[in-house]
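> Spelled out, the chains give:
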Amino acid sequence: MTENLDRKGLISRRRLIGLSVGGVLVASLGCLPTLAVAQEAMDQAGFQALSQRLTGRAILDKVISDRAFAALTAEDTGFPAAAMRLTAALDQAGLVDMREFKQFAAANPELAPTAIKIISAWYLGYTGTPEGEANHDDARFVAFAGALMYQPTKDVTIVPTYARGHTNYWVDPPATLATD
Amino acid sequence: MATEFDADVIVIGSGAIGSNAAHLLAQRGKSVIILETGEWIPRWKIVENFRSSPRKNNLNDPYPTFPWAMSSFDPDYIENTGNFHYVPYQLSLVGGTTWHWAAATWRFLPNDMKMKSLYGVSNDWPMEYSDLEPWYDLAEYNLGVAGSDTDDQSGHAGAAHPPRSKPYPVTAEGETYYFQRLKDRIGREGYNFIHEPNGRTNKPYDGRPACSGNNNCMPVCPIGAMYSGDVHARHAQNAGAKIITDATAYNLEKGEGGKIVAVHYRSSKGADVRLTAKAFIVAANGIETPKLLLFSDVANSNDLVGRHLMDHSGISLIFTADEPLWPGRGQVQQGAIFKWRDGDWRGQHSAIKHAPHNNVPNRDVAEMLIKQGVVGPELDEQIRHLSARWVVIESMFETLPRATNRVTLSTTKKDALGIPTLSFNYDLDGDEYVEKARDLCMDDYGNFVRAMGGKVINDKTGWQNHAHVMGTVMMGDDAKTSVTNHEGRTWDHDNLFLATTGLLPSSSVLNPTLAGIALGLRTADIIAKEV
Chain X
0 MTENLDRKGL ISRRRLIGLS VGGVLVASLG CLPTLAVAQE AMDQAGFQAL
50 SQRLTGRAIL DKVISDRAFA ALTAEDTGFP AAAMRLTAAL DQAGLVDMRE
100 FKQFAAANPE LAPTAIKIIS AWYLGYTGTP EGEANHDDAR FVAFAGALMY
150 QPTKDVTIVP TYARGHTNYW VDPPATLATD
Chain L
0 MATEFDADVI VIGSGAIGSN AAHLLAQRGK SVIILETGEW IPRWKIVENF
50 RSSPRKNNLN DPYPTFPWAM SSFDPDYIEN TGNFHYVPYQ LSLVGGTTWH
100 WAAATWRFLP NDMKMKSLYG VSNDWPMEYS DLEPWYDLAE YNLGVAGSDT
150 DDQSGHAGAA HPPRSKPYPV TAEGETYYFQ RLKDRIGREG YNFIHEPNGR
200 TNKPYDGRPA CSGNNNCMPV CPIGAMYSGD VHARHAQNAG AKIITDATAY
250 NLEKGEGGKI VAVHYRSSKG ADVRLTAKAF IVAANGIETP KLLLFSDVAN
300 SNDLVGRHLM DHSGISLIFT ADEPLWPGRG QVQQGAIFKW RDGDWRGQHS
350 AIKHAPHNNV PNRDVAEMLI KQGVVGPELD EQIRHLSARW VVIESMFETL
400 PRATNRVTLS TTKKDALGIP TLSFNYDLDG DEYVEKARDL CMDDYGNFVR
450 AMGGKVINDK TGWQNHAHVM GTVMMGDDAK TSVTNHEGRT WDHDNLFLAT
500 TGLLPSSSVL NPTLAGIALG LRTADIIAKE V
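For the protein sequence lines, the chains are X and L, in the order given. Read in order, the letters of the first sequence correspond to residues 0 to 179 in numbering that gives the first Met the number 0. Read in order, the letters of the second sequence correspond to residues 0 to 530 in numbering that gives the first Met the number 0.
Quick caveat, the hints were computed from the structure, so don't treat them as lab data. One or more hints might be untrue.
Unchecked claim - Calculated lysine-lysine pairs in the DSSO-like style (CA-CA distance at most 27 Å, straight line): (1) L/K454 x L/K253; (2) L/K202 x L/K182; (3) X/K101 x L/K370; (4) L/K479 x X/K153; (5) L/K44 x X/K61; (6) L/K241 x L/K268; (7) X/K61 x X/K153; (8) L/K370 x X/K61; (9) L/K528 x L/K253; (10) L/K258 x L/K528; (11) X/K153 x L/K412; (12) L/K479 x L/K258; (13) L/K44 x X/K101; (14) L/K165 x L/K202; (15) L/K165 x L/K528; (16) L/K435 x L/K115; (17) X/K153 x L/K182; (18) L/K115 x L/K454; (19) L/K413 x L/K113; (20) L/K413 x L/K268; (21) L/K479 x L/K253; (22) L/K44 x X/K153; (23) L/K528 x L/K182; (24) L/K115 x L/K253.
Unchecked claim - Residues of chain L clear of chain X, computed beta-carbon distances all greater than 12 Å: (25) D5; (26) R27; (27) F49; (28) N110; (29) P162; (30) E174; (31) K202; (32) G206; (33) C216; (34) Q333; (35) D363.
Yeah, the Cβ is synthetic: ideal placement off N, Cα and C, and Gly gets one too.
Just chain L, same shape as in the assembly:
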């Protein structure tokens, strides 16, 4: 008698990566169940939460946190043992963390995937750029990515790069006046300004409206012009996938022959459910994915799950320019400044991506002035004067995979479902690779300020979190040194697949979500042929 399953494929996690993978599988006629810890939450509620919150600079604040689905901003959920306080920013609701991601959708360069063989550091990916290219295409068309078909994204001001088989689905939005002025003056100093490909469509696309400049990509786009994972959660559902919310997966049950036979989930009411499938995809974010594997004691025969945590740790600069630039008109970010993007020096120090931020700066400006005791008419005058000239540059560095930078299960705390909370050890101290880059970054900051006739407000931020989680379940071509192969298939269980930015074995300086979605689509395509 043929074995009966609850579904062909169960996808754990309804974020952008899981939902895109589930949608592809459902389109191919597979029966798919998506398990989601959180709930469906309508956009308007999140927008109202934001508007009525006193902590506008807190990206998780408008989103729910529950004793059974805690936000990473809950001190009871995260403990840190390293010198750096790591916080992964993940969200638990249908659509996942792309609700507040700002939608930077760069492709990794071919060289980013060959760090070991070209530069002798980090890892090579277990695939060529050309293997992923068609899936980057599909991911970009799913998200409605706006981009420039002519920019050299390697920062060398050459021909369009990296190679692409299709043009971007949406043309790049117009450059903000702020960006134009920075580009004109800082660009003369030998810095390349590149348009940032982004999932903030500027024309109607797949039921989403064009961006009208609400300037609130993080923590929530009020009109859904910016892509978030709930778009494909809906598409997956419409294609036949079943989404079960309030369903926290806590155990992957092992069967004969190294197969995973079932996933167990628990609801907030305490009900336990066991579901079987031919294949399982864990797409639960770069932090929650290793957590589930560790708690289930699967895919970890080489003790690599949760290790090699990489982020684009960075620093930032705030200064005022000598002319009105008026940041805050348009989207919150638009492009990157590249000098240290790719080159032979990558064996010695991190690549750097500088990103000018374009937030309405009034809060930062007013907080500073009031702290200085400025009041009365002068306060209003200074708010206008400084807001017009306020420049924020955020810089991200490539970090290397270190086995000691890791996420593990807490040995002392559990959530309301009885599942251990998270413990991090993340440390950059004494890491010459990033410290050398920090020195170069400070040189760049000096050049930026000088080029803009500026006055520094703050250039001593210390290391900052960017919540670009990579490396925690890294893929590779050797079962001894990686958790999955190039398909996202775990070495230990041939029907257990991972779809997360945690697969990335090197970090480059690019926001990793698009790569995660492309890898997830590629994995779904492989599974669709097997089940």
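In isolation and in its complexed conformation, chain X is listed as follows:
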């Protein structure tokens, strides 16, 4: 059920993206010099929609989304344009189910790393490469408790520092053990 809802959400968002891009085009017709810029610029809403598509999530936190967009752009000024090209290629390929991403990546090898970067930011909660034993690196914070990597296990384990149990709860296995 959840999956169906998510996919429905994705499709409707995709239509919205199409409409908004169309809207930009119409509005820009009388102002040709800015047309190229408008076509290549990825904004926060566009990034959030692209993120929803790549992560298969109908709902993503806007604050985290804006932070991820800012971090990826700070890391690589070419990122917004790459994300725009990725969106266009996904539209063209009609990709709505991420189970088909491998074929898309094989057909679009220059855009796949951009998609992985976005997915990585959402799941891991950071961009760049954090150093374990040095203070200086290119890592940027995106999210902690909201990092998607914690969602698949949220019924069983905690996000560190956010304990939900009591002393010695850990003696017993989780209730889902038999089906895990």
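The hints should help you fit chain L onto chain X, whose structure is shown.
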């Protein structure tokens, strides 16, 4: 006219060792000043620093680093000349490095203190286990150590060992399901699983709450269930000790008769202050202590300060088991697996401590999967599947004291206060003692993986840092071969004492902080009778 002093005793360093020593002295009615390079920082700020950091695997990241109090993770602070990149992980704030230590509080075995006479390697300690035992007791009660009163910590599955005159102040926490399963299946292969005594109280203790399983002992316990040195910094202050922060000691001033007459410290604003005392304790960590001695040119007539640096250099194993174990529920570590803990073979190769780690593994799992290009619903499914089965074993080896493994002052760099930064030479290459143990460790890894029906993710980590600094100001019973005697009293200056894990003349495979605290309490007791 009687000489006036600023304090009876000045303790340099407010970490767990210095603060416990200062507290005992203050309790005995002595006037005590503690000098601390860093500041008081409330726990919540460190927790928020952690939560909003992109580098969750970086233990120093939530803690401050300043141009006048640099973290060892600042490349400008540490240079290495050996093949191994040594980083000591020390922190500069009130409470010191025990803010991120995970609080493993083993006692050394009596045999660990007689390595030379029993096995012909390393050093004997200048004391018997029985000399330290009462101070281990006090240290454990100060920290609220949770432990098993029945385990044979020598790993021979015999009677309770080492001997203790009091039970642990807190009973051992319940075994995690993860630990139970590893113990059941790997234990059948002849490995002994021992509960790890720890300073992560599981009942309310000395104003600290019981652990509720925040799974973040390193880099910071969000609720202070885990002991950190700020507990006794506060106790020392409440007992009358004065703590001066932003005070970097940089010179121990020598006077007549080999006495130290004063310590000079500098603040971040550049102000220099001279303080006098009857006795001085340098408790500034196993790295910063030798640094202060070297820069002051004290206690080093035999050129041993900073030498014999030992760590529990080790390797680690990651594999996935064939059943869901669900690591990540409870504390980040719980026990040890012993096969090579103590025996006649210690003349030939290192002892080994294997420790199963119990961190919530999602980050490691997700990083690996995303690197492999796994996306979409499969990514979520695999995160759950692998996180349930993820096993990490960290193994530590006993290293031998080698004069060439050392910390010295940098000859090229200084910090903002004009104090030289640090240079390390740490090398294990060609060291047969640890290399033989590494081969045995790999055999153990094969057995662990097989016993758990596992699949190896990584068993080729290379040598890893454990920041268990020992040997750098080693104690002994001969002024020619050691820096201090059994009291922590420097041979060169009879009112200058050192209280640090740097005193340990042999390393065993046990986290050394509890021994350091016990030695520091014993030293404080000796000083209390003299000043």
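> Now tell me, hint by hint, if it's right for this structure.
How the hints compare with the structure:
1. L/K454 x L/K253: violated (61 Å)
2. L/K202 x L/K182: holds (25 Å)
3. X/K101 x L/K370: Roughly 14 Å separates the two Cα atoms, so the pair holds.
4. L/K479 x X/K153: Given pair L/K479, X/K153 is violated - Cα atoms ~59 Å apart, limit 27 Å.
5. L/K44 x X/K61: holds (25 Å)
6. L/K241 x L/K268: Holds - the C-alpha atoms of L/K268 and L/K241 are around 20 Å apart, at most 27 Å.
7. X/K61 x X/K153: Status holds; Cα separation ~21 Å.
8. L/K370 x X/K61: OK: L/K370 and X/K61 at ~25 Å, within 27 Å.
9. L/K528 x L/K253: holds (23 Å)
10. L/K258 x L/K528: holds (18 Å)
11. X/K153 x L/K412: The hint is violated at about 48 Å.
12. L/K479 x L/K258: holds (19 Å)
13. L/K44 x X/K101: violated (43 Å)
14. L/K165 x L/K202: With a Cα-Cα distance of about 18 Å, the restraint between L/K165 and L/K202 holds, given a limit of 27 Å.
15. L/K165 x L/K528: holds (25 Å)
16. L/K435 x L/K115: holds (19 Å)
17. X/K153 x L/K182: Given that 27 Å is the threshold and the Cα spacing comes to 26 Å, the pair holds.
18. L/K115 x L/K454: violated (40 Å)
19. L/K413 x L/K113: violated (40 Å)
20. L/K413 x L/K268: holds (16 Å)
21. L/K479 x L/K253: Roughly 20 Å between the alpha carbons, so the hint for L/K479 and L/K253 holds.
22. L/K44 x X/K153: Holds, at about 25 Å.
23. L/K528 x L/K182: Given that 27 Å is the threshold and the Cα spacing comes to 48 Å, the pair is violated.
24. L/K115 x L/K253: violated (34 Å)
25. D5: holds (36 Å)
26. R27: Per Cβ check, L/R27 is outside 12 Å of chain X; nearest 35 Å; holds.
27. F49: L/F49 is in fact no farther than 12 Å from some Cβ atom of chain X, at 7 Å.
28. N110: Holds, because the least Cβ-Cβ distance between L/N110 and chain X comes to about 33 Å, which exceeds 12 Å.
29. P162: The claim stands: L/P162 keeps its Cβ more than 12 Å from every Cβ of chain X (closest is about 28 Å).
30. E174: L/E174 is in fact no farther than 12 Å from some Cβ atom of chain X, at 6 Å.
31. K202: Contrary to the label, L/K202 does not stay out of reach of chain X, its closest Cβ about 8 Å off (not over 12 Å).
32. G206: holds (17 Å)
33. C216: violated (10 Å)
34. Q333: At roughly 9 Å from the nearest Cβ of chain X, L/Q333 sits no farther out than 12 Å, so the non-interface label is violated.
35. D363: violated (10 Å)
Of the numbered hints given earlier, the model fails hints 1, 4, 11, 13, 18, 19, 23, 24, 27, 30, 31, 33, 34, 35; all others are met.
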